[in-house]
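Protein sequence lines correspond, in order, to chains C and E. Count the first sequence with the numbering used here and you get residues 1 to 313, in order. Count the second sequence with the numbering used here and you get residues 1001 to 1303, in order.
Derived by calculation from the structure, the hints in this document are not laboratory data. Predicted model, so just to flag it, every value in this text is computed and none were measured. We put the CB at the ideal spot given by N, CA and C, even for glycine. There's no promise every hint is true.
Said to hold, decoys possible - To give an idea of the chain C side of the interface with chain E (calculated C-beta under 10 Å), a few residues: (1) Y96; (2) L111; (3) G122; (4) E157; (5) E273.
Claimed, not checked - Quick partial rundown of chain E residues pointing at chain C, CB under 8 Å, derived from the structure: (6) L1118; (7) V1148; (8) P1152; (9) T1155; (10) L1237; (11) Q1288; (12) V1292.
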Amino acid sequence: MTTTSARTVVAPARTRTAAAGRAVRRGQGFQHGAWFVAPFLVLFALFVIWPLLRGVYLSFTDANISGDATSFVGLDNYREALDDPLVWESLGHSAYFTLLVVPCITVLAFLLAMLAHHIERGRWLWRLCFFAPFLLPSTVAANLWQWLFNPGTGMVEHVLGIETAWLTDKSYAMLAVVVCTLWWTVGFSFLLYLAALQGIPAHLYEAAKLDGANAWHRMVRITLPMLRHITGLVVALQILASLQVFDQAVVMMDFLPGPEGSTRTFVQYTLEEGFTSYRVGYASAISVIFFVIIAAVALARMWLLRNREEGGR
Amino acid sequence: MSTAAQTPAGPRGTARRTAGRAARGRAARRPWTPGQIVLTLLGAAVSTVFLAPLAWALFTSLKSETEAVEVPTHWLPDEWTTQAWRAVFETGNITNWFVNSLVVSVCVTAVVLSVSALAGYGFARTEFRGKGVLLGVVMTGLMVSPAVLGVPLFTTVQQMGMVDTYWGMILPQCAPAAMVYILYKFFQGIPRELEEAAFIDGAGRWRVFFTIVLPLSRPSLAAVGIFTFIASWNNFLWPYMVTNNPDLMTMPNGIATVMNSYGIQWAQLMAGGLMAGLPLIVVFVFFQRQIVAGVAHTGLAGQ
C-alpha cells in the first residue's frame, strides 16, 4: 500500500513542473504549488520513503552489509524474529524503560512547571536550571551520569552514602539509565507545561476566587482540566521517544548491552544485527516490526484525539 | 494582575504563549509573602539538585586525572588545575569536532528552514493534483527516524556513496516531516485577505510568499530553526552510524566514541563534555526567551 501511494506521489509532482512554471508567469497559480513542495519531496523521497521501502524489501532477503540482496528468503526473517529471544528481551527492555520514564517525566515536569509558574521572582533562573540539561548532547549527559554513578568516585554514592552497583548490577542498570534520562529530558516537557500554564486565562482564577474557591480547588477544578490536552501531548511524545531509546543506554554501558544484557534496547539490537553481525536482511525485518509498533502507537494517539474532538463537539 | 500587563516586551513580540513574556510582565516588585518564601526555597533546593551534576562535572574537570579517581572522593579539587582542559585541546580532535558540528548543524538548519517553509506554504495555500495523498504520505514520515529505520537508511546512504562524508551526515537530517507539518499549520492560520490584496495588486505567488508570508511567520520560522539547530547539534545516532572517521565526527559523537575508547580519563571526558554542552547553554542564557518560545512552540504544535 505504501509502495503504490509513494510512487504515484512523486511522479505527478515532477511532470507538473512545466505547467507550474507557466502558471507562475501568468501570475494565476494553481499547479505551481508543486514547485513549493518539490524540494522537500525530493529529500523526503530519498531519505524517508526510499529507505522505508528498501527496508521492507531487504527484510525478505538475506542481504549483508554491502546492501546487495543475495537471495530472496520470503518470510524467513520474520519467522526467525518471532522465535528470537533477544527480540523479545530487547523489546521488553525498551518497554520497561518507557513504562518507568513516561509517568515519572510527566509528573515531574508538571510539578516543576507549577513551581516555576508560581514563584514570582527569578523566573528566568528556574527555567534555566530545569531546562539546561536538555541542551546537552545525549552522549554528554550519559557520560556525566556514568561518572556520577561510578562506584567509589561518583557523586551519587558520595551524596547518598549508599553503595549501590548502579551500572554493574542488572537490577539497577536500567534504573540508572532512567535517572539520567529524567534529568536530561524533563526540561522539554517542563517547558510545554509552563507554556500551557501561562496560557490559562487569569480571569478563570479570579472568578473562582470571588466564588470562594481555595487554592486546592482552583488547581483541581481549573488547572488540571485545562492541562488535559498538554498532558496527552507530553505522554504521547514521551512514549514515542522512549520506545526509541538508544543513546543514553549504550553510552552509559560503554557501548555494551549492560550487565547480563539488561540494558540492550530494541534499537541497539537492530544495530547489533545490522552492523556487528552484518545481517542487514534480518536487521531490516526487525526494524520493520519496530516501525509497525511505532506507527501503531502514533495512530492510536491520532485515533484517541479524533474521538475526543468528536466527543467534545 | 491582568493579562494585559503581560503583553510581549520584545520588538517583535510574538503572539505566541511564550514563557518569556510573563516573566517580564510580572517583574513588578511585590512583597515577600510566607507562601512565596517557601516556594522560592523549594525552587532553590530543586535547582540545586538539577545543577549539582553539572557542578560535579566542572569540579572533576578541574582536578588532575589521579585526583579525579581518588577514593574517597570529594567535591572541590584539592589542587585546582586546568590540565584536563589543556589536554583535551592539545591531544584531541576536539576543535575539529567542534567545526564539524557547526558545519553540520548550520547546514541542516538552513536546508530544513528553506525546504520546510516552502513545502509548508505549498501544502497550506496552493492547490495541485495529489496534494491530499501527498500530505498523508508526509504524515507517515512523522513515524520514521534513524532510530527506527537505521539499517535500511544506512544502506541507502551507502549506495549513494555518502558514507563518511558531510553530505551523508547532513542530507538525511534534512527531511523532517514534523517541521513541514508545523509550518503548514501556521501558514493555514494567516488570513487569506492579506495575500489576496497583494494578488489584486498584481503580485505573483512567489512575491507574496517572500514579501508577505515569510515576514509574518518570523516567530514560527525562528522556532523551527532553533529546534532544528538544537536537535542537530546534539544528534548522536545518525552521525554515529554514518561515520567512523575521527576527522569527520561531530562533537557528541567524537566525545562518546573516541574519548571513551582508550580507557576513560574522567577529568578530560568531563572537560570535553562541558565543551560540547556549554555553547548551547551560554547561547540559552542570552536568548532564553526566543529559545523557550521556539522549543515550546515546536513541541506544542504537535497538538
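Is the interface hint for E157 of chain C satisfied, with its Cβ closer than 10 Å to some Cβ of chain E? At about 8 Å, which falls below the 10 Å cut-off, the nearest Cβ of chain E leaves the hint on E157 of chain C intact, so it holds.
Let's test the interface hint: is any C-beta of chain E closer than 10 Å to that of E273 of chain C? 8 Å, holds
When the least beta-carbon distance from L1118 of chain E to chain C is tested against 8 Å, hint result: The hint holds - L1118 of chain E has a Cβ within 8 Å of chain C, the shortest such distance being about 5 Å.
Would the stated hint for T1155 of chain E survive a check requiring a Cβ distance to chain C of less than 8 Å? 4 Å, holds
Hint check: is the beta carbon of Y96 of chain C less than 10 Å from a beta carbon of chain E? Violated, because the Cβ-Cβ distance from Y96 of chain C to chain E comes to roughly 17 Å (cut-off 10 Å).
Holds or violated: L1237 of chain E as interface residue toward chain C, Cβ cutoff 8 Å? OK, holds: L1237 of chain E within 8 Å of chain C, min 6 Å.
Given L111 of chain C as an interface hint, is its Cβ closer than 10 Å to any Cβ of chain E? It holds, given that the least Cβ distance between L111 of chain C and chain E is near 9 Å, below 10 Å.
Interface hint compliance - Q1288 of chain E to chain C, C-beta minimum distance less than 8 Å: 6 Å, holds
Was the hint right that G122 of chain C lines chain E, CB cutoff 10 Å? 8 Å, holds
Would the stated hint for P1152 of chain E survive a check requiring a Cβ distance to chain C of less than 8 Å? Result: holds, 3 Å to nearest chain C Cβ.
Does the nearest C-beta of chain C fall within a distance shorter than 8 Å of the C-beta of V1148 of chain E? Interface hint status for V1148 of chain E: holds (5 Å vs cutoff 8 Å).
Hey, does the V1292 of chain E contact hint survive, CB to chain C under 8 Å? Holds: closest Cβ of chain C sits about 6 Å from V1292 of chain E, inside 8 Å.
The structure is inconsistent with hint 1 alone, although it conforms to all the rest.
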